[in-house]
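Student: Here's the letter readout for the chains.
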Amino acid sequence: MSDFRQIEFYKPNSHKYQLLPFRFTKLDDQSYVVTNLAGEFVVLPKELIPRLINHNLSDDNSFYVELRARHFLVDQSTAIARDLLAIKLRSRYDRLADFTSLHMFVVTLRCEHSCHYCQVSRKSADKLQFDMSLADADAALGLALRSPSPAIKIEFQGGEPLLNFGLIQHIVREAKRHGAGKRLAFVIATNLALVDREMLAFCYEHDINISTSLDGPRDLHNANRPRPGNDSYEKTIAGIRMAREFLGKDKVSALMTTTEASLDRIKDIVDEYVSQDFAVIFLRPLSPHGFAIKTKAYMRYNTDRWLDFYREGLEYIIALNKQGIALTEFYASTILAKMFTSRDPGFVDLMSPSGIGIAAVIYNYDGYVYASDESRMMAEVGDQHFQLGHVRHNSYGDIFLSPKLIEPLEDSFAYSNPMCHDCAFEPYCGADPVFHWALYKDHVGRKPESEFCRRNMAIFRHLITLMESDPFVRRLFLKWANKC
Amino acid sequence: MLKLSGRIDPIRQREDARTALLTITTDPSLPVGIRDRFALLTDQPRDVTGYGAQLVSNSLEPIESPLPDATIYQLPNHFNYLKSGDIVYIDASRQFLNTLFRKGSHHNSILLTEQCNSYCLMCSQPPKKIDDSYLLRRALELIKLIPKDAQRLGFTGGEPTLYGDSLIELIKQTKLQLPCTSVDLLSNGRRFKDKEFARRFGAIKHPDCTIAVPVYSDDPVRHDYVVQALGAFDETIQGILNLKRFGQKVEIRIVLHRQTIDRLVQTCEFICRNLLFVDHVALMGLEITGFTRANLDLLWIDPYDYKDTLSEAVHILTSYGLNTSVYNHQLCVVNRDVEGSCCKSISDWKNEYLESCASCTRKCECGGFFSSSKLYKHSSHITPFV
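Those sequence lines, one after another, are chains D and S.
Numbered by the working numbering, the letters in the first sequence go through residues 1 to 484 in order.
Numbered by the working numbering, the letters in the second sequence go through residues 1001 to 1386 in order.
If we strip away everything but chain D, and leave its shape as in the complex, we get (with noise of 0.2 Å):
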């Protein structure tokens, strides 16, 4: 019908368009990714960056189209994309007005275990020189029901948590009774292995979610986790069907330590996890002794052997996936979630501005405030950099407001630091001071010598080459992108 009008009178009548603010890097020889400050990505043709920046790129080309609808230019026909890039952004960042919303409570040091890759752990039967105080219980859940968050989750570390657990009980009911208006939600971090069935019971009552520690096969685990009998796995196993039993198999989850001896072991180390019914595992960065051994050349070695180790965990999963069996990496999906949604997922060693202090915080037994768990880790080893103040003689405002909180989140912002600025992937990447800092004495780091810097750039790009190539695996990371 003539009344209609044929495509060509919507498009723009000149062939200008705007640049908005975006980033590239190499994917591989044919192709670059570019990035958007949403962090949407389009795969192109390498031959197309530089017709794309030259203002060159004809509207004919379907790449102009997808670039356009994904918000990396503008031209007459549409304004709209500022705006939407702009709710996108602020949707991004929306969490940093809740402030803090996990507080981890280090109720004792005392454990049963000796595993060699701990720093935080004590044998001592002295329960009064390394368990917290009743005073300071309350005083460090008065800080953490002082944040302004809505949504408050209480962690319960150790040393191993249970062997305080009347301090558990204490603080889980004086959080209900002060912290009505707030969502609360309970973690205890346990080894299962003193485990009974009234603190499940307790659990149950006060929904209560256990993470424990899972390491892979029987021997593996127990060889990692020594204990009196060596029967951490035995144990742990036990303690998993126990609290499923009462809690629900969602509450429990699993987290596992990669050591060295790991790293030949991915398929037996994800082999148990299916067998023991769990629907996520996190294949974890290698322990990083508490950054006691800092060699270049050795962290080089071994953040390569992680990725090996990574890639082909990440592989043998998506195989596991294809078969129907449902099985997700949760550090892909913290990734995912960054590449598919706006939402930041809020995992603390991957956020930026960094997660240490404003989205977790760390009361330990003795009532000195760290901004995250590896700060006081290293406090073990001597360097407090990253201690805050302590819950009895400090201020909410003293703690939150340190500059020894503000000037490493300040500093480490990764938009604003030497190369990330410029990175393509800096949207899904985080900022880690407390890691630079242990090496390089600064928040930021050199981040061509920085293993953080490799092992996330050499795993976003994988993420991305795994994706292009297999639709099933685009199907499962986008499930496993809002599953986070």
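Just so you know, the hints here were simulated from the structure itself, not pulled from any lab data.
Where hints are given, some of them may not hold.
Listed next, the in silico DSSO-like pairs over lysine-lysine satisfying Cα-Cα at most 27 Å (straight line) [said to hold, decoys possible]: (1) Lys88/D / Lys1249/S; (2) Lys16/D / Lys1193/S; (3) Lys322/D / Lys1307/S; (4) Lys88/D / Lys1195/S; (5) Lys1193/S / Lys1249/S; (6) Lys11/D / Lys1193/S; (7) Lys88/D / Lys1193/S; (8) Lys483/D / Lys1244/S; (9) Lys479/D / Lys1244/S; (10) Lys88/D / Lys1244/S; (11) Lys479/D / Lys1249/S; (12) Lys249/D / Lys153/D; (13) Lys1244/S / Lys182/D; (14) Lys483/D / Lys1148/S; (15) Lys1363/S / Lys1377/S; (16) Lys447/D / Lys404/D; (17) Lys1249/S / Lys1148/S; (18) Lys479/D / Lys1307/S.
The structure displayed is predicted, hence computed values, not measured ones.
Since chain D is already given, all that's left is putting chain S on it; use the hints.
Tutor: Only chain S this time, still in chain D's reference frame:
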């Protein structure tokens, strides 16, 4: 297909015969004081007075005389679906009847205007430039008559927001008259680019009103082309943002045809990235009526040929947790992974099945066809499940 409007033949028309909204009744002995609000449905003229009209439904038997002193119309057979409680509009001068509300149907839709500021390639209700504001006034009257327990009501056009604040008044009255009725309003959303207008609409605080707005592409040029209106994409997106800002429920609708299917997956990604806060997304099969028939060559694609694209689109939307529905598709032309999102969406009065569907074991789960699809064009891959 039910015919919702048509001529009625006067058997006897009193001089005071009224043009009015009347509720159908079969009770000839209603209290005299309220009879003028009713049309008496009967198989023979009744010797009763005071009803707004008598509608004689039996055309086979001869009309008995003498006739009572009342306005009496002969109802053609195609109106024999009318039941007690339905609401009709009788135009005495044109001797015309419109069925406006069918009690018990979930598909009552009230046309508010035939005017529109878009000119969509596949419009099922081609716009007319006429003053039809009587439709809005009639709707205001109608909502007072609709029973309070009606579950759903639709308002449609044309483009209802062209009425501006009068539309807001209608929705407000609907909330007051029918507080328990869920309301759908079809709009292209462009008028809501005016933040103040969106604010006033949101301020109605209707407890269950959804504005269904079409977004045909993530590509502004393509969207503007489909709706044949320059700048419409930006206005619609801005409108959705404004509506959500003021707490208004919004559904996004995408009609699937050859001009939208190529970017359907990207369009769904766009919705998930930019408009994740909408309340529902509906992916809709093409109705072969209005402009669609004129533009059929431009628009037609067999649903069987885009079934993988549809699966991908549904996968994306549901992965992001968006409420997703697939409307107007038959189960035999979608992949299994889409079945869970398929709805029986076609309004009951224009919903049919093919002869070959008779043997299908899943017919009762299937949404079937538009009457127009059956008549003019449907997938050539319709295969009964056996």
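Student: Now tell me, hint by hint, if it's right for this structure.
Tutor: Right, here's what the structure says about each hint:
no., hint, verdict
1, Lys88/D / Lys1249/S, "holds, 20 Å"
2, Lys16/D / Lys1193/S, "holds, 26 Å"
3, Lys322/D / Lys1307/S, "holds, 22 Å"
4, Lys88/D / Lys1195/S, "holds, 20 Å"
5, Lys1193/S / Lys1249/S, "holds, 16 Å"
6, Lys11/D / Lys1193/S, "holds, 22 Å"
7, Lys88/D / Lys1193/S, "holds, 19 Å"
8, Lys483/D / Lys1244/S, "holds, 24 Å"
9, Lys479/D / Lys1244/S, "holds, 26 Å"
10, Lys88/D / Lys1244/S, "holds, 15 Å"
11, Lys479/D / Lys1249/S, "holds, 25 Å"
12, Lys249/D / Lys153/D, "holds, 20 Å"
13, Lys1244/S / Lys182/D, "holds, 26 Å"
14, Lys483/D / Lys1148/S, "violated, 41 Å"
15, Lys1363/S / Lys1377/S, "holds, 19 Å"
16, Lys447/D / Lys404/D, "holds, 22 Å"
17, Lys1249/S / Lys1148/S, "holds, 22 Å"
18, Lys479/D / Lys1307/S, "holds, 21 Å"
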